[in-house]
Amino acid sequence: MTTFSSNEVDNWLAHMQHELSAIASTDGAFLMIGIRTGGVDVGRHLHEALELEEPLGELNISFYRDDFSTIGLHPVVGPSQVPVSVEGRHIVLVDDVLSTGRTVRAAMNEIFDYGRPASITLAVLVQRRGHELPIRADIIGHTLDVPDDEHVSLDANTMTVSVGQKNQ
Amino acid sequence: MRKSDPQFNQLNKLHHFLSIDGLDKTTLTHILDTAEGFTSVNDKSIKNVPLLRGKTVANLFFENSTRTRTAFELAAKRLSADILNIDLVSSSTKKGESLLDTLRVLEALQSDMFVVRHSDSGAADFIARHVSPAINVINGGDGQHAHPTQAMLDMFTIRRHKGSFDNLCVVIIGDIKHSRVARSGIAALVTLGVPDVRVVGPQTLMPADVESLGVTVYQDINKALAGADVVMGLRLQNERMTSATIPSTGEFFQAYGLTPERLRLAKPDAIVMHPGPTNRGVEIAASVADGEQSVILQQVTFGIAVRMAVMSIIMGHGEEVRLLEMNNV
Amino acid sequence: MTELQINNARVIDPLNVFDEHRSLYIKNGKLTDSSAADAPIIDATGLIACPGFIDLYARLREPGYSRKGTIESEGCAAIKAGFTTVFCAPDTNPVIDSIATVELIKQKANAANGPRIVPIAALTAALNGERLSEMATLFRAGCRILGHADRPIKDTGVLLSAMEYASSFNIPIMVRPIENAITGNGCAHAGSVATRLGLPGLTVAAETVALSQLIELCRCTGCRLHLSRLSSGRAIEMVRQAKNDHLPVTADVGIHHLYFTHEQLEGFDVNFHSAVPFRSVEDRDALRTGVRDGTIDAICSDHAPHDKDSKLAPFPSSAAGLSAFDSFIPLLLALPDLLNMSLIDVIAKITSGPARIIDPDDNYSLTKDAPADIILIDTHAQARLAADEFLSHGLNSPLVGLNNLAEVIDEDVNLVGQVQHSFIAGNEKTK
Numbered sequence: 007m008t009t010f011s012s013n014e015v016d017n018w019l020a021h022m023q024h025e026l027s028a029i030a031s032t033d034g035a036f037l038m039i040g041i042r043t044g045g046v047d048v049g050r051h052l053h054e055a056l057e058l059e060e061p062l063g064e065l066n067i068s069f070y071r072d073d074f075s076t077i078g079l080h081p082v083v084g085p086s087q088v089p090v091s092v093e094g095r096h097i098v099l100v101d102d103v104l105s106t107g108r109t110v111r112a113a114m115n116e117i118f119d120y121g122r123p124a125s126i127t128l129a130v131l132v133q134r135r136g137h138e139l140p141i142r143a144d145i146i147g148h149t150l151d152v153p154d155d156e157h158v159s160l161d162a163n164t165m166t167v168s169v170g171q172k173n174q
Numbered sequence: 025m026r027k028s029d030p031q032f033n034q035l036n037k038l039h040h041f042l043s044i045d046g047l048d049k050t051t052l053t054h055i056l057d058t059a060e061g062f063t064s065v066n067d068k069s070i071k072n073v074p075l076l077r078g079k080t081v082a083n084l085f086f087e088n089s090t091r092t093r094t095a096f097e098l099a100a101k102r103l104s105a106d107i108l109n110i111d112l113v114s115s116s117t118k119k120g121e122s123l124l125d126t127l128r129v130l131e132a133l134q135s136d137m138f139v140v141r142h143s144d145s146g147a148a149d150f151i152a153r154h155v156s157p158a159i160n161v162i163n164g165g166d167g168q169h170a171h172p173t174q175a176m177l178d179m180f181t182i183r184r185h186k187g188s189f190d191n192l193c194v195v196i197i198g199d200i201k202h203s204r205v206a207r208s209g210i211a212a213l214v215t216l217g218v219p220d221v222r223v224v225g226p227q228t229l230m231p232a233d234v235e236s237l238g239v240t241v242y243q244d245i246n247k248a249l250a251g252a253d254v255v256m257g258l259r260l261q262n263e264r265m266t267s268a269t270i271p272s273t274g275e276f277f278q279a280y281g282l283t284p285e286r287l288r289l290a291k292p293d294a295i296v297m298h299p300g301p302t303n304r305g306v307e308i309a310a311s312v313a314d315g316e317q318s319v320i321l322q323q324v325t326f327g328i329a330v331r332m333a334v335m336s337i338i339m340g341h342g343e344e345v346r347l348l349e350m351n352n353v
Numbered sequence: 252m253t254e255l256q257i258n259n260a261r262v263i264d265p266l267n268v269f270d271e272h273r274s275l276y277i278k279n280g281k282l283t284d285s286s287a288a289d290a291p292i293i294d295a296t297g298l299i300a301c302p303g304f305i306d307l308y309a310r311l312r313e314p315g316y317s318r319k320g321t322i323e324s325e326g327c328a329a330i331k332a333g334f335t336t337v338f339c340a341p342d343t344n345p346v347i348d349s350i351a352t353v354e355l356i357k358q359k360a361n362a363a364n365g366p367r368i369v370p371i372a373a374l375t376a377a378l379n380g381e382r383l384s385e386m387a388t389l390f391r392a393g394c395r396i397l398g399h400a401d402r403p404i405k406d407t408g409v410l411l412s413a414m415e416y417a418s419s420f421n422i423p424i425m426v427r428p429i430e431n432a433i434t435g436n437g438c439a440h441a442g443s444v445a446t447r448l449g450l451p452g453l454t455v456a457a458e459t460v461a462l463s464q465l466i467e468l469c470r471c472t473g474c475r476l477h478l479s480r481l482s483s484g485r486a487i488e489m490v491r492q493a494k495n496d497h498l499p500v501t502a503d504v505g506i507h508h509l510y511f512t513h514e515q516l517e518g519f520d521v522n523f524h525s526a527v528p529f530r531s532v533e534d535r536d537a538l539r540t541g542v543r544d545g546t547i548d549a550i551c552s553d554h555a556p557h558d559k560d561s562k563l564a565p566f567p568s569s570a571a572g573l574s575a576f577d578s579f580i581p582l583l584l585a586l587p588d589l590l591n592m593s594l595i596d597v598i599a600k601i602t603s604g605p606a607r608i609i610d611p612d613d614n615y616s617l618t619k620d621a622p623a624d625i626i627l628i629d630t631h632a633q634a635r636l637a638a639d640e641f642l643s644h645g646l647n648s649p650l651v652g653l654n655n656l657a658e659v660i661d662e663d664v665n666l667v668g669q670v671q672h673s674f675i676a677g678n679e680k681t682k
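Residue numbers (my numbering), protein chains in the order written: chain A, 7 to 174; chain B, 25 to 353; chain C, 252 to 682.
Don't read these hints as lab results, they were simulated from the structure. Quick caveat, the model's predicted, so the values are computed rather than measured. Here a beta-carbon is modelled for each residue, glycine too, at the ideal position from N, C-alpha and C. Misleading hints may appear alongside valid ones.
[What the hints assert, rightly or not] Facing chain A, a subset of chain B residues (Cβ under 8 Å, in silico):
no., residue
1, T53
2, T58
3, E60
4, S64
5, K68
6, S69
7, I70
8, E131
9, A132
10, L133
11, G340
[To be verified] Using C-beta positions, here's what the derived DEER-type ranges look like:
no., chain 1, residue 1, chain 2, residue 2, range
12, B, F32, A, E156, 31 to 41 Å
13, A, G170, B, F32, 45 to 55 Å
14, C, G315, B, S122, 12 to 22 Å
15, A, F118, B, R304, 43 to 53 Å
16, B, F32, C, T540, 36 to 46 Å
17, B, G78, A, S91, 23 to 33 Å
18, B, R128, A, T164, 58 to 68 Å
19, A, G170, B, K37, 20 to 30 Å
20, A, S91, B, G274, 52 to 62 Å
21, B, R128, A, G170, 45 to 55 Å
22, C, R273, B, S122, 21 to 31 Å
23, B, R128, C, T407, 22 to 32 Å
24, B, D29, A, E25, 54 to 64 Å
25, B, G78, A, T106, 57 to 67 Å
Please take these sequences and the hints and turn them into a complete structure.
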């Protein structure tokens, strides 16, 4: 089991913040939306560091997942909150770990049910291999090449990332 | 020799929603928590989620009810399901076709879920036991027995206003004897841990041994309302007059109607609930029904999220069941 | 077959207070005290021999409801239950209120060659509770008791007349006490289970109000009153009091009511939907006490076979009644332990007990010259309760496929017992 310390994670966040600032200066103010729960944790840090004015949106994608008929509803994480209209806006969608891409697809489907954004930029703390859909992040904190049977997870309390065996 | 509860499938997952009886506090809380997730669906410009896309929900209403049927229809549509409204009040059942035969025909229409309302207590249970195992059944009200989705939306409303169920005093007024709403509501309140559940009404409207449900019985409305946090009125049906259980609606209102004066006996922040439609001037004074403490309209709104939650929870294991069926053959 | 000898049986003869091993001799349809050397012998080692059972109340469904059963099929099942005489309920179609129907039933009974069938004639024409039936004529034609099935006699004046009239001819009447104005559409005992399940309830008052009326009418008419299929503890108290007052009152209880309570209704189990409701544990225990202390004179089957479809409906719409014959023997044989009674006293409740209800001077026993209605029971043989072993057309019994009652109630009751031979007037009846 490997753990990336909070210092290392801070470096990744700083890198993301730097790239996001660059976007803001070219395209204008974007709207940040985090995917519950890891994406919201990452989003909060970025939102604060970038001093964004508009509140961070939070998406509960449980109702947009594609595995409903096999494993039913996922544990409940509270209703989505998107306080600002997405219509015609540039969205930065934030998640903690991008692997298969299904979570991001669900999140995008949900965003489009709120309205029609001008664009969506995907920002993830960690991009790993194992993608099953043609979805790649535009802004990446860190790329990890770990085997498929290993799990990458963010601990929001300590802001550390650990890599370990998936418990079946 | 406990009889098997048909609400749970072989994997012990909730597969039908027939009654509050048989569900524990964890399950009820899970339904309430899930319903919270659905309350924001209205905030989007596309007011639905794709959870039940491609699924068909059939409303089998053997008893008239526009309100409940519409509520289920709306919940199903918000889940992107297709809806079949089947009016069985006037059709084949009157021609003498047995309930079982009617079910076979309906199964042939290949619905994924039945929402059932019937005048026989135990009808939802019967239907659940006799349809194909892949179909989920929701009890939309069976005779005097149960109306579990109503109970859940009532509990959701209470939790939204009161935070928790501990330390609450809940008073239910009216025709407990004939009310499936009361039975399911009492079961939910007791299971969720409400310590003081009171029922009040004339003895003619109390079922036998009602205390065995876990309630205290009152015949005096003033004593019953003292210190109540939640006051729930029940609809008084017209048949009660003809069946000689009460003399008149006027006398009922005199003795048990929820007036502003009586409401003052409850706690100042008590909420007033009613499953609807309300009989103003019979169970409840118009000013109370429309007053600040009334949450009656909220109950209707919450009913959508709660029904979406119930439908999603029970339908979420279709594939598992189908695989089981294939393996069992 | 004219002569027969039965050896090595444990002979239980309640009227003669006899419970010992001895031989029985049958000649020309009657019991006798010896037999010819070449008479066929049945070795009944390990078996009990007793007078054939008498069932005071069973529905044979013919004429009129042959989809549910026939005199032949139900007669066969009755033999399996040990009954050599069956009193059949009057609510056939047509109702047993005419000689024509009585004759029809007799003919069918003869053709079926099963148990003796005694029709219970209706007290009122068409069981409508309005006009008296031709009681004397029906009584003479062999209807040894008159009754009213589960139908109401709404007009108390008619009930009074019926009892006065019956009393004139010394005809006993059999009535199930039920006040229809109180029952409404009740389908289950009004108690905690029905309340929780939302099933319309049948209060005890529906039985006791009618019962007190019947007892008072018996007091003033002197009519011999047999109270059929009681269900509550309060009713037992009232009968006890009536007997203390020396009124000509007798009572019976259905065998299932000595076992089941309203707790069996959990899950809307239609197998326990009975017109005579299964009440509380206290009520059931009072019925048991009543059997033990003699307040209850007889146990009947209350046999109600139904076709499968009638029970395939939600509880309130399902047909009421249990098929009782095929499970009767194992339930009866478990009673001595359950009720803390001797076997001979239990057997009295379905032999001499019912006989004396019909005729207080009846000597229903294994005495010399009595008709040779005898059954031989193997108390250890496996009971035949599998669905394909049922002889009744009605499979509506909660005991189908059971080996022990613990699968249904909170009591460990092994279900055993089989009738190996059944003789009516010395003729062996096939099972």
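Hints and how they fare:
no.	hint	result
1	T53	violated (10 Å)
2	T58	holds (5 Å)
3	E60	holds (6 Å)
4	S64	holds (4 Å)
5	K68	holds (5 Å)
6	S69	holds (5 Å)
7	I70	holds (4 Å)
8	E131	violated (19 Å)
9	A132	violated (22 Å)
10	L133	violated (20 Å)
11	G340	holds (3 Å)
12	B:F32 x A:E156: 31 to 41 Å	holds (35 Å)
13	A:G170 x B:F32: 45 to 55 Å	violated (34 Å)
14	C:G315 x B:S122: 12 to 22 Å	holds (21 Å)
15	A:F118 x B:R304: 43 to 53 Å	holds (45 Å)
16	B:F32 x C:T540: 36 to 46 Å	holds (40 Å)
17	B:G78 x A:S91: 23 to 33 Å	holds (29 Å)
18	B:R128 x A:T164: 58 to 68 Å	holds (59 Å)
19	A:G170 x B:K37: 20 to 30 Å	holds (29 Å)
20	A:S91 x B:G274: 52 to 62 Å	holds (53 Å)
21	B:R128 x A:G170: 45 to 55 Å	holds (53 Å)
22	C:R273 x B:S122: 21 to 31 Å	violated (56 Å)
23	B:R128 x C:T407: 22 to 32 Å	violated (47 Å)
24	B:D29 x A:E25: 54 to 64 Å	holds (55 Å)
25	B:G78 x A:T106: 57 to 67 Å	violated (22 Å)
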